[in-house]
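Participant: Please build the complete structure, drawing on both the sequences and the hints.
Number of protein chains: 2
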Amino acid sequence: MSQVLKSSVTLETLTNLAKRRGFVFQASEIYGGVAGVYDFGPLGVELAGNIKKAWWDYFVTTRANIYGLDSAILQHPKLWEASGHVAGFTDPMVEDVKNKKRYRADHLAGIDSNDLAELSKALKGKKSPDGNELSEPKVFNMMLATHLGAVEDKSTISYLRPETAGGIYVNFENVRETMRAKIPFGIGQVGKAFRNEISPRDWLFRKRELEQMELQYFVRPQNEKEEYENLRQITWDFFEKTIGLDKKKLKWHEHAKEERAHYAAAAHDVYYEFPLGFKELAGVHDRTDFDLKNHSKSSGKDLGFYDQAANERFTPYVMESSVGLDRLFMAVLSDAYYEEEVKGEKRVVLKLSPTLAPVQVAVLPLSKDEKLIPLALKVYEELKGTLRTEYDETQSIGKRYRRQDEIGTPLCVTIDFDSLKDKAVTVRDRDTMKQKRIKLSNLVENLEATQNE
Amino acid sequence: MSQVLKSSVTLETLTNLAKRRGFVFQASEIYGGVAGVYDFGPLGVELAGNIKKAWWDYFVTTRANIYGLDSAILQHPKLWEASGHVAGFTDPMVEDVKNKKRYRADHLAGIDSNDLAELSKALKGKKSPDGNELSEPKVFNMMLATHLGAVEDKSTISYLRPETAGGIYVNFENVRETMRAKIPFGIGQVGKAFRNEISPRDWLFRKRELEQMELQYFVRPQNEKEEYENLRQITWDFFEKTIGLDKKKLKWHEHAKEERAHYAAAAHDVYYEFPLGFKELAGVHDRTDFDLKNHSKSSGKDLGFYDQAANERFTPYVMESSVGLDRLFMAVLSDAYYEEEVKGEKRVVLKLSPTLAPVQVAVLPLSKDEKLIPLALKVYEELKGTLRTEYDETQSIGKRYRRQDEIGTPLCVTIDFDSLKDKAVTVRDRDTMKQKRIKLSNLVENLEATQNE
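Just so you know, the protein sequences line up as chains A and B, in that order. Quick note on numbering that gives the first Met the number 0: the first sequence kicks off at 0 and runs consecutively. Quick note on numbering that gives the first Met the number 0: the second sequence kicks off at 0 and runs consecutively.
Treat the hints as calculated values from the structure; they're not laboratory data. Watch out, some of these pointers could steer you wrong.
When chains are identical, the list treats them as one kind, so a pair holds in a single copy or across two.
In the DSS-like style, the derived pairs of lysine-lysine whose C-alpha atoms are separated by at most 27 Å in a straight line are [as the list claims (entries may be wrong)]:
| id | residue 1 | residue 2 |
| --- | --- | --- |
| 1 | K367 | K181 |
| 2 | K126 | K97 |
| 3 | K240 | K52 |
| 4 | K191 | K153 |
| 5 | K77 | K100 |
| 6 | K377 | K250 |
| 7 | K137 | K153 |
Facilitator: Structure (structure tokens):
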């Protein structure tokens with residue numbers, strides 16, 4: 000009945016669909032937008048919420064030794080000194096000495112390096128894009144800074160967190176004590192992070208205001224390797240089984256030694272084949288005792304663990320699983336995108352799973368005829384307590400089906416004139432486009448069962 | 000069996016309970032904390048999440064003409080110029096001319112005024128708390144500012160939103176168009192907002208990093224009064240019926256004309272009797288066409304609505320219902336707090352509803368005896384898919400009951416040695432402390448039914 004024309008999608012097509020159908024808008028669009036900042040529209044907030052819920056259920060709720068946290072965006076600046084972000088979360092920049100515009104030094108130098116001496120050498124004799132002299136390269140911190148309190152000076156500086164992990168480490172002892180947790184245990188968190196990217200790009204891929212879903216898992220040092228491999232497997236399964244991404248579009252990327260952050264003893268990224276090619280979707284890192292040791296030293300509060308049974312005190316190692324919500328949102332949309340030919344016409348369909356779909360069932364009266372509306376509204380009222388349900392009476396039934404296909408609604412329920420007589424409705428399946436007649440008396444049970452298939 | 004000793008609570012008692020049991024920690028506590036900023040701990044993130052879900056279900060999901068949104072924290076600075084925040088979201092401040100410390104001018108002057116001339120007069124001859132001369136009073140903007148991009152000057156300034164509403168107004172046309180919405184319709188949003196309070200205080204009541212749950216409802220100008228009264232009723236019902244706060248602790252506070260914001264034609268706060276006394280929990284405001292008119296003017300994009308049937312174009316009026324998540328969190332905890340005398344001993348209990356309780360059921364083996372643990376874990380595994388379930392085998396059963404009472408768990412399931420023979424467990428009710436024996440074969444159904452009573 001239908002033939003797949005395309006199961007891959009360009010970034011442009013995805014961006015347009017997301018805007019046209021209410022998934023993602025550029026922030027402050029009517030004021031010209033803000034680079035690298037986006038708003039989730041009515042369907043996007045539901046899809047993103049369903050992804051976050053899937054992450055939370057999988058990583059936190061269903062695991063007895065994982066605890067949730069929601070730490071603040073504004074933390075004490077000493078946290079980011081101890082973590083190394085104040086000194087090290089930087090990009091090398093050069094300045095046009097005439098008009099003061101700044102550029103990434105490595106981009107202008109045309110080399111892949113963060114070393115200022117190397118960059119300086121490579122930049123010798125080069126000009127800015129406006130043809131002016133360039134300054135010597137300098138480091139530029141990517142944290143967004145603000146000031147808390149009445150005075151604007153160094154004493155009141157505060158940073159918008161560049162990652163959620165920091166708020167977890169400083170709460171290690173609070174969580175351990177209040178939950179009476181024993182090693183191994185973990186702390187999971189979902190929340191916003193901010194990075195002053197000089198060149199935000201590729202839609203949701205490199206944003207300035209982003210969202211992370213992070214698990215920090217605290218283990219015995221001697222179990223480092225085993226726990227690391229275990230967390231890699233758990234993370235992989237999340238994408239393949241819970242979210243259901245196409246396995247062929249997922250792969251591991253192991254960080255070579257020179258690629259790894261200074262604190263990491265091992266690092267593997269999960270790569271997904273985005274419209275941009277294979278790129279980082281998530282990372283699993285063996286952070287050793289770097290974080291807890293540094294925060295112990297800087298705060299003067301010992302973040303070690305005392306094992307009563309073994310009468311032994313040690314600083315736990317941290318195994319991290321870090322997922323970018325925005326990137327996963329992109330991956331889910333691009334994985335679900337299909338173009339098909341149906342009776343000579345193209346249809347666009349998002350084959351989202353019923354767990355993730357913003358709308359699970361659409362209730363559509365065949366026309367706006369006043370005989371149909373009361374029954375259609377009654378069906379809507381009945382379904383909405385159980386499934387994410389939308390009611391739509393605008394436009395022709397064909398246009399409404401196409402809209403529901405494009406937003407990924409698995410099922411459409413159509414109320415027609417026969418419904419008034421036979422007390423039944425037509426249920427249309429998004430993927431097969433097959434229709435079946437279902438009695439109103441067991442519609443809820445039937446649809447629920449279909450969604451859980 | 001039990002006698003109520005106290006059904007009210009001081010702020011100090013609540014703060015201590017919240018910290019001791021893992022609801023709320025001070026942000027960056029190990030670094031001395033950040034004034035006015037808090038982290039939600041493992042139980043707090045669940046309680047706050049349940050409150051947010053209750054708001055979303057009530058205001059957004061179950062209403063066909065309300066759409067969700069998740070706009071970014073960083074918006075275009077012009078948004079906050081158009082909204083009046085750059086010019087008007089200010090406090091009057093004076094500076095100690097010697098040590099540059101700043102103070103609220105109205106506090107030092109001892110008068111309740113924002114008028115600079117009046118304040119200047121009242122401050123004549125007064126000294127700073129350190130005994131030094133004071134500057135003339137000046138306005139101080141309460142928005143937190145940062146810079147996006149490589150240069151720090153006026154062209155790159157960006158504000159952390161002081162309220163979520165702004166992101167809704169600038170998306171009015173995006174949502175209307177993609178959802179093909181007709182007036183009246185609304186946009187709901189839950190998210191963080193930031194205010195540089197000079198004197199953050201009263202725990203979660205006056206924070207610098209806070210969270211709001213806001214509905215902006217767009218109506219025909221001629222329906223202003225009726226829609227406003229309707230939204231007041233809906234907002235009140237949320238607190239009384241959905242959240243279930245004590246009716247005697249709720250009341251309306253109508254803003255007198257001089258108390259209202261410049262844009263508001265009418266304003267009513269919902270007051271709750273906090274440990275601090277009756278204070279604002281939520282606000283319902285008739286914002287007229289102030290917002291859409293101003294954003295139309297500043298952006299050059301007409302945010303009017305064209306009614307095809309009536310062939311009429313108008314700028315919708317905005318009715319706003321704005322709830323502070325942190326304040327509602329405080330209200331829920333303080334409403335649920337009881338001290339009772341049981342057999343001569345005091346017990347502290349949070350009588351949270353099963354919908355809001357972080358843990359709905361605790362599974363407790365009577366002791367750590369190895370015969371009991373496998374069955375207890377089996378019960379835990381069975382329950383955790385249906386109810387928010389915690390497993391706890393540490394400490395004596397009496398201490399564990401007390402802990403569950405203090406965190407508001409409605410039901411405890413105890414597995415004892417008889418359970419191995421009679422295939423049944425003891426279910427203890429938090430409020431009545433009555434225990435009943437339930438067969439394992441229908442435990443899930445039984446507990447589910449109890450929670451929904």
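Participant: Which of the listed hints are not met by the structure?
Facilitator: Going through the list in order, the structure violates hint 6 alone and respects the others.
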